[in-house]
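Novice: Listed here are the chains, written in short residue letters.
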Amino acid sequence: MLSGSKVRLRAPERSDIPLFVKWFNDPEVTEFLLRSPPMGMEEEERWFESLRVSEGKVFCIETLDGKLIGNIGIIHIDWTNRKADIGIVIGEKERWSQGYGTEAITLLLGYMFDEMNLERVWLYCDQENKRAQRCYENCGFRREGVFRHNRFRAGTFTDDVVMSILREEWVSRRASSN
Amino acid sequence: MGFDGIRNPMLRGAKVGLRPLETPDIFSLLKWFNDQRVLEDLGAEHIYFCASLEEEKAMVDKMLQDGRSRYFIIMKLDGNKPIGVIGLTNIDLRNASSELRIIMGEVDEWGKGNGEDAVRILLRHAFDAMNLHRVWLRVAEYNERARRLYARCGFRDDGSLRDDHFHKASWRSARIMSILESEWRST
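Sequence lines, in order, name chains F and S. Position 58 (the first sequence) corresponds to 58 in my numbering; numbering is contiguous. Position 109 (the second sequence) corresponds to 287 in my numbering; numbering is contiguous.
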């Protein structure tokens with residue numbers, strides 16, 4: 001378990017599945033995600049089963065008083081090139097824009113740079129998802145490019161913004177925050 | 179030097195080249211692993227003094243399927259002849275470390291710098307292509323020729339494994355040696 005001042009990251013459990021299903025059936029939550037409603041219980045159970053053999057790693061974001069509010073995960077790990085990409089969802093809408101995601105990402109970045117010894121952490125998100133981009137920038141990510149027509153949303157292809165943070169940037173942020 | 183591509187997939191040095199292990203190599207391995215002179219100083223890794231074709235086949239299958247290992251056949255460039263096997267095993271990608279193993283199977287090719295060439299090629303691959311941080315090995319303490327070779331390639335002594343194996347009627351120790359990426363780059 002990784003703990004901060006607002007949230008902690010823990011492993012997902014089978015009993016969390018109904019809450020995941022609730023989140024992924026809410027069009028407001030999934031607007032900028034790569035999955036859209038409807039999502040069935042068994043569908044989500046199959047996804048949960050697949051986690052055990054997946055190359056990445058999913059963590060639950062929990063407030064310090066034990067309320068599950070979202071998920072964060074490392075999607076692909078490329079050890080030779082020392083890089084990985086991440087994804088995040090805050091499923092509880094009343095917790096949006098209060099710094100929970102920022103702290104969850106910062107906790108995960110600390111693990112990825114200081115324990116996993118990665119060189120680069122990157123992600124992409126819907127160009128129109130400005131709230132997410134602000135959050136990633138607050139975490140130290142820099143915008144580095146565009147994946148053109150990288151997703152199909154609401155009947156049309158849209159571009160994704162690519163963002164990344166390098167080890168040296170993480171190290172200097174950590175030094176200046178101490 | 180370098181990689182010749184699909185037609186001749188080989189990492190090249192001055193005297194030898196390394197190419198991926200293939201199933202037909204069991205015939206070479208069978209010969210090498212039945213030669214007492216080859217097995218002599220390996221540190222008693224092998225239970226028996228001989229191996230059958232079937233056993234050798236099973237061993238090669240295991241080597242090829244092991245996702246944490248990468249084995250190569252050492253080819254003498256002059257004559258394009260297999261003379262040994264070398265590999266990285268126990269590859270730990272998270273910690274960027276791996277164990278080097280080498281067996282020079284053709285006794286007639288000993289003492290000509292072929293093994294040293296092979297180790298140097300593999301180190302270059304480990305540090306420049308695989309981005310490893312540490313390459314280590316285990317060597318029988320009494321195998322002084324091998325220890326000198328590893329030292330020439332830049333390996334340092336990490337320590338001793340006391341009474342590591344039983345050989346020639348007594349307990350023998352082994353040494354662990356290692357080389358770090360920064361050390362390799364500065365030589």
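FYI, nobody ran anything at the bench for these hints, they're computed from the structure. A hint or two may mislead.
Said to hold, decoys possible - Facing chain S, a subset of chain F residues (Cβ under 8 angstroms, in silico):
#1 79
#2 82
#3 116
The beta carbon of each residue, even a glycine, is placed where N, CA and C say it ideally should be.
Novice: Take the hints in turn and mark each one as holding or not.
Specialist: These are the hints, each one checked on the structure:
Below 8 angstroms, beta-carbon pairs count as interface contacts, and residue 79 (chain F) has one with chain S at about 4 angstroms; its hint therefore holds. At a threshold of 8 angstroms, the smallest CB-CB gap from residue 82 (chain F) to chain S is about 7 angstroms, leaving the interface hint in force. Given hint, residue 116 (chain F) at the interface with chain S, holds; its Cβ is 7 angstroms from that chain's nearest Cβ, closer than 8 angstroms.
In this structure, every one of the numbered hints holds.
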